[in-house]
Amino acid sequence: MGCGAAHLPDDPPYQRDGGEPSPETGTQLYKATIAAYHDATYEILAQEPSRGGLWHLRLASSHQPLVMENQQPFFANGLSFIHNGDISDDEGRNVVNNRDFPVDHSVFLSTGGRTDSAIFFSVILEYVGFGFALDEAVAQAIRQLRQSYPKSSYNCMVQSEDQLIAVCAAGRVETPERIIEIYDEYGCAGKAHDYRHMRYTVDEDSGAVVVASSGFDQQGWQTLENNQMLVVSNRSGAYRLRSIA
Numbered sequence: 001m002g003c004g005a006a007h008l009p010d011d012p013p014y015q016r017d018g019g020e021p022s023p024e025t026g027t028q029l030y031k032a033t034i035a036a037y038h039d040a041t042y043e044i045l046a047q048e049p050s051r052g053g054l055w056h057l058r059l060a061s062s063h064q065p066l067v068m069e070n071q072q073p074f075f076a077n078g079l080s081f082i083h084n085g086d087i088s089d090d091e092g093r094n095v096v097n098n099r100d101f102p103v104d105h106s107v108f109l110s111t112g113g114r115t116d117s118a119i120f121f122s123v124i125l126e127y128v129g130f131g132f133a134l135d136e137a138v139a140q141a142i143r144q145l146r147q148s149y150p151k152s153s154y155n156c157m158v159q160s161e162d163q164l165i166a167v168c169a170a171g172r173v174e175t176p177e178r179i180i181e182i183y184d185e186y187g188c189a190g191k192a193h194d195y196r197h198m199r200y201t202v203d204e205d206s207g208a209v210v211v212a213s214s215g216f217d218q219q220g221w222q223t224l225e226n227n228q229m230l231v232v233s234n235r236s237g238a239y240r241l242r243s244i245a
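According to UniProt numbering, the sequence shown is numbered sequentially starting from 1.
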């Protein structure tokens with residue numbers, strides 16, 4: 001368990017002093033290997049104004065080390081990425097141990113991570129590099145991974161300087177027993193049923209679009225259906241839904 005955040009400040013945190021601004025200068029990135037409720041910085045970041053942001057407050061993938069490199073959001077080429085899922089086969093063998101899975105090693109290294117989520121992000125980055133629009137790059141990556149891991153969850157969010165992409169793409173409806181057991185270890189077995197759900201809401205006053213991966217079934221939240229993608233402009237707040245099938 002850990003926490004992380006990627007913010008897009010209202011004003012760019014750099015001045016044009018003759019050099020060319022890189023994509024990294026537009027994003028404020030924070031990661032920690034402790035839970036958010038033990039991290040004083042979390043409360044400070046929650047008060048920071050921004051026009052877009054990703055927050056990752058999830059349990060780690062099975063058998064993956066809780067080290068800083070594996071904390072999300074991952075960031076590369078101006079994109080922030082978070083993933084809720086475990087990309088493994090029916091025997092629980094994670095994609096990181098599959099040396100036959102095709103992934104560009106240099107792109108994988110650019111994510112800074114070592115996990116199945118980092119591989120997922122790598123595949124998205126490859127499709128962006130091929131020239132696909134961000135939403136289609138995410139859809140293509142999920143299609144490719146599903147050829148080898150059809151039952152895995154690819155629920156994710158990707159943030160660029162202009163867009164937020166949120167996807168619900170679960171390979172199965174029921175929550176696996178091993179996920180329930182992990183939740184039970186933290187005294188949260190009753191919440192495991194919500195593991196694969198994604199919901200979104202639009203703030204009536206500001207027009208801001210908010211997406212959450214689980215735990216928000218209150219009135220006013222709409223379900224993002226399986227194999228459905230939400231594409232949001234973090235410039236205007238305009239959004240649309242599309243299928244990834």
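Fair warning: there could be bad hints in the mix.
The calculated DSBU-like cross-link candidates involving lysine-lysine, where the alpha carbons are at most 35 Å apart (straight line), are [stated by the list, open to error]:
| no. | residue 1 | residue 2 |
| --- | --- | --- |
| 1 | Lys151 | Lys31 |
| 2 | Lys191 | Lys151 |
| 3 | Lys191 | Lys31 |
These are computed hints drawn from the structure, not numbers from a lab.
Note that the structure is predicted; figures quoted are calculated from it, not measured.
These are the hints, each one checked on the structure:
Restraint check for lysine 151 and lysine 31: the C-alpha separation of about 29 Å stays at or below 35 Å, so the hint holds. Between lysine 191 and lysine 151 the alpha-carbon distance is near 21 Å, which keeps this suggested pair within the 35 Å criterion. For a cut-off of 35 Å, the pair hint linking lysine 191 to lysine 31 stands: about 25 Å separates their Cα positions.
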